[in-house]
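There are 2 protein chains.
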Amino acid sequence: MKRVKLVVAYDGTNYCGWQGQPNAVTVEGVLNETLRNFLKEDITVIGASRTDSGVHAMGNVAVFDTESRMPAEKMSYALNQRLPEDIRIQCSEEVPLDFHPRYQECRKTYRYRVVTNEFPNPIKRLHTHFVYRELDLDKIRRAAEYLVGTHDFKSFCSVNTQVKETVRTIYYIDIKQVDDELVIEVNGNGFLYNMVRIIAGTLLQVGMGAIKPEEIPGILEAKDRTKAGPTAPAKGLMLVAINYIASIK
Amino acid sequence: MKRVKLVVAYDGTNYCGWQGQPNAVTVEGVLNETLRNFLKEDITVIGASRTDSGVHAMGNVAVFDTESRMPAEKMSYALNQRLPEDIRIQCSEEVPLDFHPRYQECRKTYRYRVVTNEFPNPIKRLHTHFVYRELDLDKIRRAAEYLVGTHDFKSFCSVNTQVKETVRTIYYIDIKQVDDELVIEVNGNGFLYNMVRIIAGTLLQVGMGAIKPEEIPGILEAKDRTKAGPTAPAKGLMLVAINYIASIK
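From first to last, the protein sequence lines are chains A and B. Take 514 as the starting number for the first sequence in my numbering and just add one per residue. Take 514 as the starting number for the second sequence in my numbering and just add one per residue.
Everything labelled a hint here was simulated from the structure, so no lab data went into it. The structure presented is a predicted model; accordingly, all values stated were derived computationally and were not measured. A virtual CB, placed ideally from N, CA and C, is assigned to each residue, including glycine. It is possible that some hints are incorrect.
Just so you have them, the derived chain A footprint on chain B, three or more residues with Cβ under 8 angstroms [claimed, not checked]:
(1) 515 to 525
(2) 588 to 600
(3) 636 to 646
Example chain B residues on the side facing chain A (calculated, C-beta under 10 angstroms, incomplete) [unchecked claim]:
(4) Q603
(5) C604
(6) T629
(7) N630
(8) E631
(9) P633
Derived CB-CB ranges, DEER-like [claimed, not checked]:
(10) A:V691 with B:E598: 14 to 24 angstroms
(11) B:R620 with A:T679: 24 to 34 angstroms
(12) A:P597 with B:E647: 39 to 49 angstroms
(13) B:I758 with A:N527: 36 to 46 angstroms
With the rest of the complex left out, here is chain A (with noise of 0.2 angstroms):
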């Protein structure tokens, strides 16, 4: 038996996120069906992140363990020849039996794309969100600077979590202009439910003026969602990549 650990790219639009329901069409449901159907076994994939419905991938990561003799970097060729177009596996490879993607120590870049313009963009309307109003890099940058580091997030953690453990390190937030969007990306070593979406949220209300670069410090204090900006929609959301550490011995 071998572990095979795939990275996986899709378009979110159609699927009800990530982690399979019954009656809903979900990238794990889809690839399972896709695994066992190819390899004649009762496979079951882990995945590192269990986007929401909406939410799109460059780089999720998803084990499983199979009998096959195909070699592992072979079975992402495989794989895209019958996975529906809006997922596509980029790359495939052998990975240690006890590799584990959610309980590896790792670092999670994610993406969310801001069209801020008069009119919304046609082409990006399904992989970005909208703002009719002009934002204030300036302003978002610095309520940027005091998220980045260690902190208790619980005042950017969607309540509907039972997570007890609301620290989590941000070890980055770029903040750029390229042509009609804003791009905020975001890397750290773990992100609570919604935690983006609300950082996202947070900082576009920050860049229309509502709340004060100087009042980030304050929200995180007050350990209350509340005190936070909305969660901003699932559709610019990206799942860049994730970079394990040492765990591939």
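Chain A is fixed; fit chain B onto it per the hints.
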């Protein structure tokens, strides 16, 4: 009566191109229907560029005549409230009654996007062509230089056309690599049927080594469609902008 000019952006994925046809959903058809419902007049728009099925636009142009007393520049807002979200008016303004979007001198800019990677990018699948092989940018740039200027582009024109005059001027072709994307931007005073897609298809052949850059002058001279490369797929093409020259007094 006044004439109103619209700058129209659309995702061409779900349309059978620009031009109205019976029993097919077209961008022109949706615009006519929306304008008729909104202005209660028998409006028929005239489009600048009759883009093919699946081709996208950020800056196609259409005009229509109306008795409405609503200021032309407000119409973009009103129309965007009523249009499907894959069509968005970027700008509306009054133009002289003799302004015709097809007969006025202009410069058009098209962009052709190609993802060059080991696997397709599912997020970009509807707006890019995918090429598995690595492309030689230097060769593509050298080939493109031969196309810039005033030439008879008959070899780069679909045979399904009745146009007799096949001389056109290309002002520039800009080739750049942005992340996983090769972007070919072409600017000229007019384009023959499928011309940009045949240019893109030919330049991709050059990038793969199937055509040498030095063969381009001979392909132009042959005035024979079969000498150029294939017509690249519609979904990679976007009409970026149409700039009218001294036409709006």
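Quick rundown of the hints versus the structure:
1. Proximity of the region 515 to 525 of chain B to chain A, defined as three or more residues with a beta carbon under 8 angstroms from a beta carbon of that chain, is established by the 3 residues found.
2. Coverage of the region 588 to 600 of chain B by chain A holds in this model, with 5 residues showing a Cβ closer than 8 angstroms to a Cβ of that chain against a need of three.
3. Note: the region 636 to 646 of chain B has 3 residues with beta-carbon separation from chain A under 8 angstroms; the three-residue rule is met and the coverage holds.
4. At its closest, the beta carbon of Q603 (chain B) sits 6 angstroms from a beta carbon of chain A; the interface hint therefore holds under the 10 angstroms criterion.
5. For C604 (chain B), the interface hint holds, since its Cβ comes within 10 angstroms of a Cβ in chain A; the closest pair sits about 8 angstroms apart.
6. Hint on T629 (chain B) is violated. Least Cβ distance to chain A is approximately 14 angstroms, over the 10 angstroms limit.
7. This hint holds: N630 (chain B) has a C-beta 9 angstroms from the nearest C-beta of chain A, less than the 10 angstroms allowed.
8. Interface restraint check: E631 (chain B) against chain A, minimum CB-CB distance 8 angstroms, threshold 10 angstroms, status holds.
9. Interface restraint check for P633 (chain B): the shortest CB-CB distance to chain A comes to about 6 angstroms, inside 10 angstroms, so the restraint holds.
10. Between V691 (chain A) and E598 (chain B), the C-beta spacing of about 22 angstroms keeps the proposed range 14 to 24 angstroms intact.
11. At about 56 angstroms, the CB distance of R620 (chain B) to T679 (chain A) disagrees with the hint of 24 to 34 angstroms.
12. Taking 39 to 49 angstroms as the suggested C-beta distance range, the pair P597 (chain A) and E647 (chain B) does not conform, at roughly 26 angstroms.
13. Here the CB-CB span from I758 (chain B) to N527 (chain A) is close to 43 angstroms, well matched to the stated 36 to 46 angstroms.
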